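Engineer: All chains, please: the whole structure from these sequences, using the hints.
Protein chains in written order, with the working numbering: chain A, 1 to 77; chain B, 1 to 146.
Don't read these hints as lab results, they were simulated from the structure. As the structure is a computational prediction, the values presented were derived from the model and not from experiment. C-beta atoms are modelled at their ideal positions from N, C-alpha and C, and glycine is treated no differently. There's no promise every hint is true.
[Said to hold, decoys possible] The list that follows gives simulated cross-link-like pairs (lysine to any residue, SDA-like), each with its CA atoms no further than 20 Å apart:
id, chain 1, residue 1, chain 2, residue 2
1, A, Lys50, B, Asp141
2, A, Lys50, A, Asp69
3, A, Lys50, B, Trp140
4, A, Lys50, A, Ile61
[Unchecked claim] Some but not every residue of chain A turned toward chain B, in silico, with C-beta under 8 Å:
id, residue
5, Glu7
6, Arg22
7, Pro44
8, Met54
9, Trp68
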Amino acid sequence: MLFFRSEERVRTWCSASGYPTRPVVTMRQLWELARDWYATRLQPDSRRPKPDEMRAIFGRIGLTGDFWDPQADAFGA
Amino acid sequence: MDLDLRVKLAIYEHFAAVGRRPGADDVAARAGVSAPEVREAFGRLRAQRVLVLEADGVTIRMAPPFSGVPTPHRVTAGDVSYFANCAWDALGIPAALHRPAIVRSRCEQSHEPLELTVSDRGAEPSDWVFHCLVPAARWWDDIVFT
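Structural biologist: Here it is as structure tokens:
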């Protein structure tokens with residue numbers, strides 16, 4: 001889970017490394033993801049999201065499809 | 001409050017206060033329990049994916065978003081500096097602390113430095129991007145690589 005200066009840099013890095021290029025996430029989306037995931041992490045009632053809650057968090061910020069599905073058969077459980 | 005919760009909160013309080021991982025003795029003192037109880041709790045918290053431990057089973061590698069080891073992703077909030085496990089967690093640290101912070105990292109391809117300000121209104125606008133190589137269903141196959 002890495003930062004890149006641009007989508008072109010992602011493509012260059014993936015190509016050079018032999019990795020597939022995955023969906024690119026904007027910094028605005030990443031901030032929303034970090035906030036939704038971690039805002040309560042230091043509180044007593046905090047817990048990791050369950051799969052359906054993960055899907056809801058990702059979906060709210062536009063991260064959809066099998067790649068972001070924590071139980072997608074396409075990628076194994 | 002049950003033992004595992006006291007241990008978890010003590011771990012996070014330590015990370016938040018000093019920016020470094022606590023040892024079992026630090027956690028025991030902060031939580032008011034014995035070191036053997038802490039080590040047993042570490043194992044249960046690992047099973048719940050709350051912690052990632054080193055191979056010795058007692059040293060904390062990750063208490064997300066905090067990293068117990070140096071990484072390219074650094075976060076400074078006030079006079080405390082932290083290491084994050086990844087780009088996501090670099091923004092997760094100010095989100096968890098609810099404090100303004102400076103995130104410093106780099107472009108993985110060009111190594112161009114990134115410096116991003118996070119205020120109480122969130123991360124400043126930026127045209128940098130985030131890329132995750134591993135699908136969500138596989139993150140915990142090898143969470144350190146992820």
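Engineer: Against each hint, give a clear statement of whether it holds in the structure.
Structural biologist: Hints and how they fare:
Distance hint between A:Lys50 and B:Asp141 is fulfilled; the C-alpha atoms sit about 17 Å from each other, no more than 20 Å. Annotation: proposed proximity of A:Lys50 to A:Asp69 holds, straight-line Cα distance about 12 Å (limit 20 Å). Between A:Lys50 and B:Trp140 the CA atoms are separated by roughly 14 Å; this keeps the pair inside 20 Å, and the hint holds. Under the criterion of a C-alpha separation no larger than 20 Å, the hint pairing A:Lys50 with A:Ile61 is consistent with the structure, at around 17 Å.
Proximity of A:Glu7 to chain B holds as hinted, the smallest CB-CB distance being about 6 Å (cut-off 8 Å). At its closest, the beta carbon of A:Arg22 sits 6 Å from a beta carbon of chain B; the interface hint therefore holds under the 8 Å criterion. Interface restraint check for A:Pro44: the shortest CB-CB distance to chain B comes to about 6 Å, inside 8 Å, so the restraint holds. The beta carbon of A:Met54 comes within 7 Å of a beta carbon in chain B, closer than 8 Å, and the hint placing it at the interface holds.
The interface hint given for A:Trp68 holds, since its Cβ lies 5 Å from the closest Cβ of chain B, which is under the 8 Å cut-off.
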